[in-house]
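Trainee: Use these hints to put chain F onto chain B, whose structure you have.
These protein sequence lines map, in sequence, to chains B and F. Going by the numbering used here, the letters in the first sequence line up with residues 1 to 114, in that order. Going by the numbering used here, the letters in the second sequence line up with residues 1 to 109, in that order.
Among the hints, a few may not be true.
To be verified - The calculated lysine to aspartate or glutamate pairs, modelled on DMTMM-like cross-linking and capped at a C-alpha distance of 25 Å, are:
1) K101/F x E32/F
2) K101/F x E53/B
3) K9/F x D85/B
4) K13/B x D85/B
5) K15/F x E32/F
6) K101/F x D84/B
7) K101/F x E52/B
8) K57/F x D84/B
9) K22/F x E102/B
10) K73/F x E102/B
11) K65/F x E79/F
Said to hold, decoys possible - Taking CB as the label site, the calculated pair distances span:
12) N59/B x E79/F: 24 to 32 Å
13) T2/B x Q78/F: 46 to 54 Å
14) G58/F x R63/B: 27 to 35 Å
What the hints assert, rightly or not - Facing chain B, according to a computed beta carbon distance under 7 Å, are these residues of chain F, among others:
15) Y39
16) R43
17) F59
18) K96
19) G100
20) K101
21) I103
Quick caveat, the hints were computed from the structure, so don't treat them as lab data. Think of the CB as a built atom: it goes at the ideal place given N, C-alpha and C, for glycine as much as any other residue.
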Amino acid sequence: ETGVTQSPTHLIKTRGQQVTLRCSSQSGHNTVSWYQQALGQGPQFIFQYYREEENGRGNFPPRFSGLQFPNYSSELNVNALELDDSALYLCASSLAGASGNEQFFGPGTRLTVL
Amino acid sequence: AQRVTQPEKLLSVFKGAPVELKCNYSYSGSPELFWYVQYSRQRLQLLLRHISRESIKGFTADLNKGETSFHLKKPFAQEEDSAMYYCALTSGANSKLTFGKGITLSVRP
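Excised from the complex, chain B in its bound form (with noise of 0.2 Å):
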């Protein structure tokens, strides 16, 4: 079974750019999540693809945006980067309709927004 893996494992960017974060999901899964992690924070949701559809988005703007793939793997884009996106971004994937409900993260990726 591989677990989930993200790349790249950080990456530094100014302010302005365009960011791409890439994720694949645990064998097996066919829901991802992203999550952001400030420094001392908790994750905080960003949104959520099941069958390459978004299925649902917490309080982040709109250029913050993702695509859900055939083989279940996501990216999480972000446009016009601002000083405050840097974070650590987790990926989660699980199985819908699976018992328990459970998330499996991946490493993170470290922005940096200079």
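Mentor: The following block gives chain F in isolation, referenced to the frame of chain B:
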């Protein structure tokens, strides 16, 4: 709105001492409650969930709907319990997780 409150940022205890990590929540329906743990240099992982009513690594947590609390307890702390602990809730299946800010547990020898 869903909210999870972990009132303390740090708990430092000696090995063998009891541990209680506090978690309070606000939610109008019937939430599912979880504790997630992150050990040093490892990813966030599920420790336990209230619906399972199980004990993992000696930790237990009881959902108190009257006090809207889900405190995590362990009678005798071990050094390997040192980690970051997050309380989280979800409103149902395939639903977003709402996390607290987390608490660092430090167990000294």
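Trainee: Below or equal to 25 Å on CA atoms is what counts here, so check K101/F against E53/B.
Mentor: Distance of about 29 Å is beyond 25 Å: violated.
Trainee: At a threshold of 7 Å, is the proposed contact between K96/F and chain B supported by beta-carbon distances?
Mentor: At 4 Å from the nearest chain B Cβ, K96/F passes the 7 Å test, so the hint holds.
Trainee: Can you verify the interface hint for G100/F: is its Cβ closer than 7 Å to any Cβ in chain B?
Mentor: holds, 5 Å
Trainee: Quick one, are K65/F and E79/F close enough, alpha carbons at most 25 Å?
Mentor: violated, 31 Å
Trainee: Hinted pair, alpha-carbon criterion (25 Å max): K101/F, E52/B. Please report holds or violated.
Mentor: violated, 30 Å
Trainee: Is 24 to 32 Å a correct range for the gap between the Cβ atoms of N59/B and E79/F?
Mentor: Violated, at about 39 Å.
Trainee: Does 46 to 54 Å hold as the CB distance between T2/B and Q78/F, or does it fail?
Mentor: violated, 30 Å
Trainee: Given the proposed pairing of K9/F with D85/B, does the C-alpha separation stay at or below 25 Å?
Mentor: holds, 23 Å
Trainee: Taken at face value, is the distance from the CA of D84/B to the CA of K101/F at most 25 Å?
Mentor: holds, 17 Å
Trainee: Measure nothing beyond the straight line between the CA atoms of K22/F and E102/B; if it is 25 Å or shorter, mark the hint as holding.
Mentor: holds, 21 Å
Trainee: Holds or violated: K101/F with E32/F, Cα cutoff 25 Å?
Mentor: Cα-Cα ~18 Å, so holds.
Trainee: Tell me if I103/F is really an interface residue toward chain B, meaning its C-beta lies closer than 7 Å to one of theirs.
Mentor: With a minimum Cβ separation of about 10 Å from chain B (threshold 7 Å), the hint on I103/F is violated.
Hints 2, 5, 7, 8, 11, 12, 13, 14, 15, 17, 21 from the earlier list are contradicted by this structure; the remaining hints agree with it.
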